[in-house]
Amino acid sequence: MLVDFLLGNARRRLSSGQRLIITGPNGCGKTTWLKHLSCGHSDLSIQLDGRQIQQWDSLWLQQQATLWHEYGLYDNLTVQDNIALMGCCPADTGHLAQWPHASQYVRHLSAGQKQRVCLQRVLTANRPLWLLDEPDAHLDEQTVAWWQQEMKLHQSSGGVIILSTHRQHGANAVDSSSMVVSL
Amino acid sequence: MISLYRHIQTYTADYNEISLYYLSYLMIVILCHACLPDVSIQSSFAVNLFIMILVVSLNTQKIFHEPKRLGLLNQWLIYHDLDEVFISIRILSFWLTYLFPLCCVLGLYSLTIGFDVTQTMTLNGCMILFSLAICFKMSLLSALLTFTNNSPALVIILCFPFCVPLLLLTLSLVKLLSANMPATQCLMMLVALVVLLASSLPMLIRTILSVGWCADY
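Just so you know, the sequences run in chain order U and F. The numbers in the working numbering rise by one with no breaks, and the one at position 131 of the first sequence is 162. The numbers in the working numbering rise by one with no breaks, and the one at position 92 of the second sequence is 119.
If we strip away everything but chain F, and leave its shape as in the complex, we get (with noise of 0.2 Å):
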C-alpha cells in the first residue's frame, strides 16, 4: 500500500499539470454533450469512452517513459528489480491517479440519464474493468516507447486498434443495460480479458523495459 501511495506521488506531485488533466477532461466532456443534447444513452457512453481513451493516452508516457528520461529506469532496476509486483503497481497507481476518477465520473453520469442503482453499479463495474484493460495496453505501449525519443502522438497511433475490440465489447454491455437485458456473458469476458491482461502483460513489460534501458547505447 506505501509503495502505491508513493507511486501516486510521483503522478500527482505537479499539481498544476494533474489539475488540467481533470479539468481538460472535464471540459471535453461538457462541450461534447452540450454539441450533442439529443444522443442516444450508447452514444453518450461511447464518447465519454473516446475522451477517456484520448485523455489517457496522452499521459500515458508518464508510466515507464518518463522514468527512462528522467534516469529513474535504471534505479529502478538497482533497488526493486522492476519485477512483477513493481511494474503492476506502477500501472495500478496510474490507474488509480487517471482513470478511477472518471469512472466515478461516469457513473455519476449514469445515475442522471435515468440508470437504477443496481445498474449504475454494474455499469460502473464495467467501466472500471474497462479502464484497467486500457491501462495495461498503453503500459505496454508506454514501455515500448523506452525505445525511442517521441511523442504521446505515436502511442495514440498504436492504441487505437487495440482499444476498438474493447470499445464494442463495453458499448455492447452499456446496450444489454439500457434494455434492461442480462449482461452477465459480456461482464465476464471482460474480466477473463483483465485478468489475462494483468497476468501476462507486467513480465512482458519487464523484458521490455531491461531491454529498453540499454536501448540507447
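Next up, chain U with everything else stripped away, as it sits in the complex (with noise of 0.2 Å):
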C-alpha cells in the first residue's frame, strides 16, 4: 500500500509497513483530517495506491481499522458481551479473553481499560490499514508499551498505520519506519 497525501504544506508519502504519526495542538485538525481520510471526503489530497481517495471504494475505506474518541462500548453490558456484540469470536481476541476485567461492566472501567478494549478490537479487526485517534490517551506506561510492540508487528507485516498523539515521547520515540508531521 502506498499513501501520497498533502499534510502540513507538503507532500508526503507512506508505504507499507510504515507509520504517519501527526502531531499538534488541541483543535488543529487531526481527528478532522483523520476523519475526512475515512470517509474518502473530496476536499482531501490523498492517492491510495496511486489512486485519488475519492475514486476508491468508500464503504472499503469505512472498513479499515479505525479507533476514534467515542470508544463504541455499551456501557451496560460487559467487556465480553461487547466484544461479542461485534461477531468477534474468543480466539480472536487474544489475551483480552484472559483479561481480569473481561467480564465485567464497561461502565465501571476507567478510562484507560476502556481503551484498551479499543485498542484490541483494532487489533480483532485485521485490516491492513490503522486509522487511530490518540490511540495512547488514559493508557499506563506498561499498557503503551505493549501497544507500540503490536503497532510494530503490524509493521512488520507490511500494515499501514495513521495515528495523532499528544504524547510527545511517543512522537520522538520513533524509527526510520515513521514520519512525524507536525500540525
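No lab work stands behind these hints, which were simulated from the structure alone. These numbers come from a predicted model, not from an experiment. Do not take every clue at face value.
Ranges of calculated distance between the beta carbons of each label pair, as one might list FRET restraints [to be verified]:
(1) S67(F) / S134(U): 38 to 44 Å
(2) F189(F) / D206(U): 56 to 62 Å
(3) D106(U) / M208(F): 32 to 38 Å
(4) I29(F) / E101(U): 58 to 64 Å
(5) M215(F) / R82(U): 49 to 55 Å
(6) L90(U) / M215(F): 34 to 40 Å
(7) I35(F) / R42(U): 29 to 35 Å
Just so it is clear, CB atoms sit at the ideal spot from N, CA and C, and this is done for glycine as well.
Given two chains presented individually in distinct reference frames, assemble the corresponding complex, making use of the accompanying hints.
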C-alpha cells in the first residue's frame, strides 16, 4: 500500500510497513483529517496506490480498523458481551479473554481500560490500514509499551498506521519506519 | 439467533429504562381506558394503536441513532459490513424488545372485551403485522436521524403521516372482526405491506447509514 498525501503544506509518501504520526495542539484538525480520510472526503488530496481517495470504494475506507474518541462500547454490557456483539470469537480476542476485567461491566472500567478494549478490537479487525485517533490516551506506561509492540508487529507484516497523538515522547520515540508531521 | 439475542441485550441492558418503558405504556393504556369507559371496541383499539406508535416513536432512536452517538456505527461497518441481514436483525430485535410484548398485551385485552379465541388469534396476527410495519418505518427514520443531532420529537412528527394509512387499515380489520365478517383481504394487504417493507428498507437503510456516518465531517 502506498499513501501519497498533502499534510502540513508538504506532499509526503507513506508505504507499506510505515507509520505516520500526526501531532499538534488541541483543535488543530488532527481528528478531522483522520475522519476525512476514513470517509474519503472530496476536499482531501490523498492518493492510495496511485489513485485519488475519492475514486476508492468509500465502504472499503470506512471498514479499515479505526479508533476514535467515542469508545463504541455499551456501558451496560460486559467487556465480553461488547466484544461478542461485534461477532468476534473468543480466539480472535487474544489475551483479552484472559483479562481479569473481561467479565466486568464497561461502566465499571476506567477510561484507560476502555481504551485497551478498543485497542484489542483494532487488533481483531485484521485490516491493512489502521487509523487511530490518540490511541495512547488514558493508557499507563505498561499498556503503551504493549501497544507500541503491537504496532511494530503490524508494520512488520506490511500494514500502514496513521495516528494522531499528544504524547511528545510517543512522537519522539520513532524509528526509520515512522514519519512525524506537526500541524 | 445469537446475534438476535446480543442485540436484544443492547436494548435491555438498562433495566431502569426498559421497565420505565413498559410501565409508562401500561399506565397510559389504563389511564385512557379509565377516562373513556364506554367507547366502542374500534375506538378502544385505535387508542391502543395510537399509544403503541407514540411510545415506540420515543424509543426509535435506539435502533441506529444512539449507536452512532456511541461510536458503534463505525464498528458495525468494520465488523459486520452493515449488511441487510445485520440491519434486519437489528430491527427485529427492537421489535421483539419493544413491540412484541405490547402485541401480547393487546391480545389479552381483546380476550377480555369479548372476542373469541379465533378472533383473538387473527387480531393478534394483525397486531404483529402492524407493529412490524411500524417498526420498519421507524427504523428508516432512525437511520435518517443519523444525519442530525435532534430529539425524538422529529421522529414523531415525521412518522405520523406514514402511520395513518397503516392505522386505518388495521382499524378496518378490527371493525370487520368485531362484526364477525371475513377479513382475509385486509390481512393479506397488511402481509404484503410488511413483506415489501422488510425486503426493501434494509437496503435503503444500509445506504443511508454508510453515508450518515460521515455526515458530520
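Inset, instruction - Return the numbers of the hints above that this structure violates; sort them in rising order. - result: Hints 1, 3, 4 and 7 are the ones this structure does not satisfy, whereas the remaining hints hold.
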